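Asker: Once you've looked at the hints, dock chain B against the given chain A.
If you read the sequences in order, they're chains A and B.
Positions 70 to 417 (my numbering) are the ones given, in order, by the first sequence.
Positions 70 to 417 (my numbering) are the ones given, in order, by the second sequence.
The set of hints was computed from the structure by calculation and includes no laboratory data.
The model shown is predicted, which means the values in this text are computed figures rather than measured ones.
Think of the CB as a built atom: it goes at the ideal place given N, C-alpha and C, for glycine as much as any other residue.
Warning: the hint list may mix true and false statements.
[Unchecked claim] A few chain A positions that, by computed beta-carbon distances, are all more than 12 Å from chain B:
hint, residue
1, Arg-159
2, Pro-291
3, Ala-311
4, Lys-314
5, Asp-332
6, Ala-334
7, Arg-335
8, Phe-349
9, Ala-350
10, Gly-373
11, Ala-383
12, Leu-386
13, Gly-404
14, Glu-412
15, Arg-413
16, Leu-415
[As the list claims (entries may be wrong)] Pair ranges (Cβ atoms, derived):
hint, chain 1, residue 1, chain 2, residue 2, range
17, A, Asn-138, B, Arg-159, 44 to 50 Å
18, A, Asp-252, B, Asp-261, 49 to 55 Å
19, B, Glu-401, A, Arg-247, 50 to 56 Å
20, A, Ala-372, B, Arg-159, 58 to 64 Å
21, A, Arg-134, B, Gly-385, 32 to 38 Å
22, B, Gly-118, A, Thr-115, 34 to 40 Å
23, A, Leu-133, B, Pro-291, 33 to 39 Å
24, A, Asn-310, B, Asp-261, 20 to 26 Å
Protein chains: 2
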Amino acid sequence: MRAVAAAIGMALSLGTAQAQPAPAPASAPLQIREVGSMHVGGRVATIEGLPSQEIVFSPGAPPLRINPNGQFMVEGMYAQYIRLAEPRARFPLLMWHGGGLTGATWETTPDGRPGWQMFFLRQGHDVWVSDAVERGRSGFARSPQVFAGEPVFRTMGEGWGLFRVGPNDGWNAEAGQRRAFPDSRFPVAAWDQFTRQSVPRWVTTDRQIQAAYDAYVQQACPCVIVVHSQGGNFAFNAALNAPDKVRAIIAIEPSGAPPAGADAARLRDVPHLIVWGDHFADSPFWTNIRTNVERWAGAIREAGGRADILDLPAAGLRGNSHMMMMDTNSDEVAGRIQAWMTERGLMR
Amino acid sequence: MRAVAAAIGMALSLGTAQAQPAPAPASAPLQIREVGSMHVGGRVATIEGLPSQEIVFSPGAPPLRINPNGQFMVEGMYAQYIRLAEPRARFPLLMWHGGGLTGATWETTPDGRPGWQMFFLRQGHDVWVSDAVERGRSGFARSPQVFAGEPVFRTMGEGWGLFRVGPNDGWNAEAGQRRAFPDSRFPVAAWDQFTRQSVPRWVTTDRQIQAAYDAYVQQACPCVIVVHSQGGNFAFNAALNAPDKVRAIIAIEPSGAPPAGADAARLRDVPHLIVWGDHFADSPFWTNIRTNVERWAGAIREAGGRADILDLPAAGLRGNSHMMMMDTNSDEVAGRIQAWMTERGLMR
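Chain A on its own, in the form it takes in the complex (with noise of 0.2 Å):
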């Protein structure tokens, strides 16, 4: 009930923000002071016992015999930094992807257009986005002698029962056959290339990626953090483990959050918005998870803390998904978190 009240009052508040920040125009350039990156975190571990390979490692190239047991860097994780000349943002904004995926999320949509690191590079803030430890820039480690278990891989079709792009079964391998919400604004004629953003993930390397995230945060923060799915517990449970470092959550449909019990009065100076798409009522599954989430919400409101819901369609925004940051409305969304942003004084 309580989740349920602030959500209605979010949306009420959202819907009439004052403060909305006036963004760059989209044809002026973005002032940049410097692009990079950095890999942060990790560990050296010890390989021992497997047999030498002799490889050709490119055509034309004599062999070489390669010892495959030795030291090896593992578990660090990958992030890039675009700095404005002249942020208007307090603190810098750290983007986290959800499972199976990369920073490539924030990045351009699937249907080419500009995606949210350029919608808060334009309203001012210096963005940062990170590959988790396995994914991406981050590179993985061997299995099973490092990363317990086999990677998961995804089918085209898994997510769009789960990302709620459609009913589960409404996919097919013909796109022509397809079956979205009506409503969606997933552009689901870009759903193939949005697969091509996939990448393999483990689901027992939970504690490295805490690790290297919380490494992350010590070395870029004080922050604000916008996390998708996956990601949500462990921006949670970073700012759990660094509650002076992160200055505020951003959850796009966090599809975790810490148990029962832990102990959410670290987070009172934590302001958070979780964000929830549509079409929950089609999901037993999110609809579970959404329990779980709002009840450490609830916890975090306790404590003293402020945990607000923005629920999109009852703020008047119908037919996202899971992965609202590629929605046709993706700007509109952002537009929604860049006031509450705004109302929280993280701008300047």
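Answerer: Leaving out everything else, chain B in the frame of chain A:
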């Protein structure tokens, strides 16, 4: 002999170049039109016959029963672009990394200096940085069902000799015990940080990598390609496959070249610059590669094309490693390359 003469000629030419552009001051903001990315190429692969799995993707989330069979989008590649408001280069600069690495090669150096991505942005180029198939944000496909064989992982020490930072026996797990070449330009104190950039690679995927690069060229070019190490052969072949699209190739220690008999005449209008660092005398492996690559450069010249050799020690720059874009004189090396591009008429 021809290659040596060309090398000396280039050294003299670059040493006295009058056409050095005036780069934007390091303190002036870059004027950026757009930051974005895309995935290009790839195909749909079908996997059948694997048993289903039940997986908990996030702590607290209910388990999902996953059928690992189905259709997968595989073998595409990722590219990020940074477009200037007013580029001074005539064509975008595409930067292709080497083996076991990603596009991060071109970004901030391991010791935290701006890398070649920033250098060439400041010189007025639109810069595209990509990840080859399987690497980084391009993602990898299931082995052995899609990619034959197993990934190869690079030890922390393998590159020390292979990249000619020091002698092959100069590596030691203890940083204080490592022996670099006395004049090495690699920032050796940042070696461990550099190894965080390593990613696994397959050695069975050249055809797929080439296909995606070819698709990338069709989408992003006309262009100039700066390519490193393993990427070299892909760039040479990409130019053979689309000589109208590739306006120049700058190959940084390419590790391979097309075979004898490849039609070098197709590259008559594609000027090449091949750049070599120092300490080849210590590396029969690289000496062999160099002979092979310079044979290809000779074939281009004999066919009426232009293939210049920039031998850095002969040009007065000593101690450069295979990772010269990270060496302490990386800007100076890049400056020689920029001078060549200017001389070749590639700037406005």
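Asker: Just checking, Arg-159 of chain A versus chain B, shortest CB gap more than 12 Å?
Answerer: holds (20 Å)
Asker: Checking a non-interface call: every C-beta of chain B should be farther than 12 Å from the C-beta of Asp-332 of chain A. Is that right?
Answerer: Since the minimum Cβ distance to chain B is about 17 Å, Asp-332 of chain A lies beyond 12 Å and the statement holds.
Asker: With 34 to 40 Å as the target window, see if Gly-118 of chain B and Thr-115 of chain A comply at their CB atoms.
Answerer: holds (36 Å)
Asker: With 12 Å as the threshold, tell me whether Ala-334 of chain A passes as away from chain B on beta-carbon distances.
Answerer: Consistent with the label, Ala-334 of chain A stays out of reach of chain B, its closest Cβ about 20 Å off (over 12 Å).
Asker: Beyond 12 Å from every Cβ of chain B: is that where the Cβ of Glu-412 of chain A lies?
Answerer: holds (27 Å)
Asker: Does the hinted range 58 to 64 Å hold for Ala-372 of chain A and Arg-159 of chain B at CB?
Answerer: At roughly 60 Å between Cβ atoms, Arg-159 of chain B and Ala-372 of chain A fall inside 58 to 64 Å, so the hint holds.
Asker: Far enough from chain B: is every CB of that chain over 12 Å from the CB of Arg-335 of chain A?
Answerer: holds (18 Å)
Asker: Over 12 Å from every CB of chain B: does Lys-314 of chain A meet that, or does the non-interface label fail?
Answerer: Consistent with the label, Lys-314 of chain A stays out of reach of chain B, its closest Cβ about 20 Å off (over 12 Å).
Asker: Should the label of Ala-311 of chain A as a non-interface residue stand, given a Cβ cut-off of 12 Å to chain B?
Answerer: The claim stands: Ala-311 of chain A keeps its Cβ more than 12 Å from every Cβ of chain B (closest is about 19 Å).
Asker: Looking at Leu-415 of chain A again, its CB stays over 12 Å from all of chain B?
Answerer: Leu-415 of chain A clear of chain B: closest Cβ-Cβ about 22 Å, beyond 12 Å.
Asker: Falls inside 32 to 38 Å, the C-beta gap from Arg-134 of chain A to Gly-385 of chain B?
Answerer: holds (36 Å)
Asker: Gly-373 of chain A clear of chain B by more than 12 Å, beta carbon to beta carbon?
Answerer: The claim stands: Gly-373 of chain A keeps its Cβ more than 12 Å from every Cβ of chain B (closest is about 24 Å).
In this structure, none of the earlier numbered hints is contradicted; all agree with it.
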